[in-house]
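Chains U and F supply the protein sequences, listed in that same order.
For the first sequence, our numbering assigns the number 1 to the initial residue and increments by one for each residue that follows.
For the second sequence, our numbering assigns the number 129 to the initial residue and increments by one for each residue that follows.
Keep in mind that the hints were calculated from the coordinates and are not lab data.
All values derive from a computational prediction rather than experimental measurement.
In this text, a Cβ means the ideal position worked out from N, Cα and C, and glycines have one as well.
These stretches of chain F come out as covered by chain U in the derived footprint (C-beta under 8 Å, 3 or more residues):
no., segment
1, 192–199
2, 206–212
List time: in silico DSS-like cross-link candidates among lysine-lysine, alpha-carbon distance up to 30 Å:
no., chain 1, residue 1, chain 2, residue 2
3, U, K90, U, K18
4, U, K27, U, K90
5, U, K90, U, K2
6, F, K130, F, K218
7, U, K90, F, K130
8, F, K218, U, K2
9, F, K218, F, K146
10, F, K218, F, K155
11, U, K27, F, K155
12, F, K155, U, K2
13, U, K2, F, K146
14, U, K27, F, K130
15, F, K130, U, K18
Number of protein chains: 2
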Amino acid sequence: MKPLGQHLLVDLFECDAKAISSLQVVKTSMLEAARRASATIVNTVFHEFNPFGVSGIVVIAESHLAIHTWPERRYAAVDIFTCGDVLEPKVAADYLAEVFGAGRVSQARLERGVLGPRVEEMPDRLPS
Amino acid sequence: MKPLGQHLLVDLFECDAKAISSLQVVKTSMLEAARRASATIVNTVFHEFNPFGVSGIVVIAESHLAIHTWPERRYAAVDIFTCGDVLEPKVAADYLAEVFGAGRVSQARLERGVLGPRVEEMPDRLPS
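Produce the complete structure using the sequences and hints provided.
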């Protein structure tokens with residue numbers, strides 16, 4: 001049974017604290033990661049926290065990329081949620097690990113929306 | 129070792145197709161879910177797909193809530209990523225399951241950012 005979504009959970013440890021504390025660096029890197037994954041960017045929201053830390057979301061036509069950084073811990077949590085067969089979430093994850101200089105990386109891939117056989121057919125209208 | 133973030137992955141099956149196909153219903157419900165979890169809302173991005181399907185993110189001071197809906201499959205994937213001890217992500221998840229009329233719900237709680245002892249202290253400045 002094919003899942004509707006693929007969810008890559010990426011934990012980046014021992015990052016470059018300066019890189020992940022900069023809203024501009026984080027935003028630019030997330031947009032580039034989305035592009036490298038072949039995603040279609042729909043919208044973005046980024047927010048810088050006081051005294052440090054950045055949260056950011058890239059909404060893509062194929063779901064989203066999210067990041068939360070703890071520069072004081074040199075840690076960043078990244079989620080890459082995609083649907084369809086075309087995207088390459090691992091390419092995005094590897095790029096972010098590299099650009100943030102992560103010393104240690106954990107990646108876990110989850111399947112989202114594994115449906116039962118009775119809703120397997122893709123209808124062309126909404127069920128009532 | 130205390131994790132930096134809590135990540136609740138919520139899969140809502142057998143939802144009310146009309147509810148999860150409406151951008152307005154999904155957005156209103158996500159904002160209310162964030163409030164019920166005691167989150168501080170920072171920003172939102174919602175997007176409606178053609179022919180149907182809604183993606184939405186609520187950026188909160190404590191991380192984010194995300195949703196992607198497949199009305200034609202009566203399925204919605206929800207992520208509630210929080211940090212700190214105050215928030216109640218399960219309250220948000222239960223509320224969304226109810227408001228979308230989910231017939232079946234799967235919840236999984238993951239810890240994000242479990243750091244080793246050497247970075248356990250919270251410094252008041254960034255590491256160089």
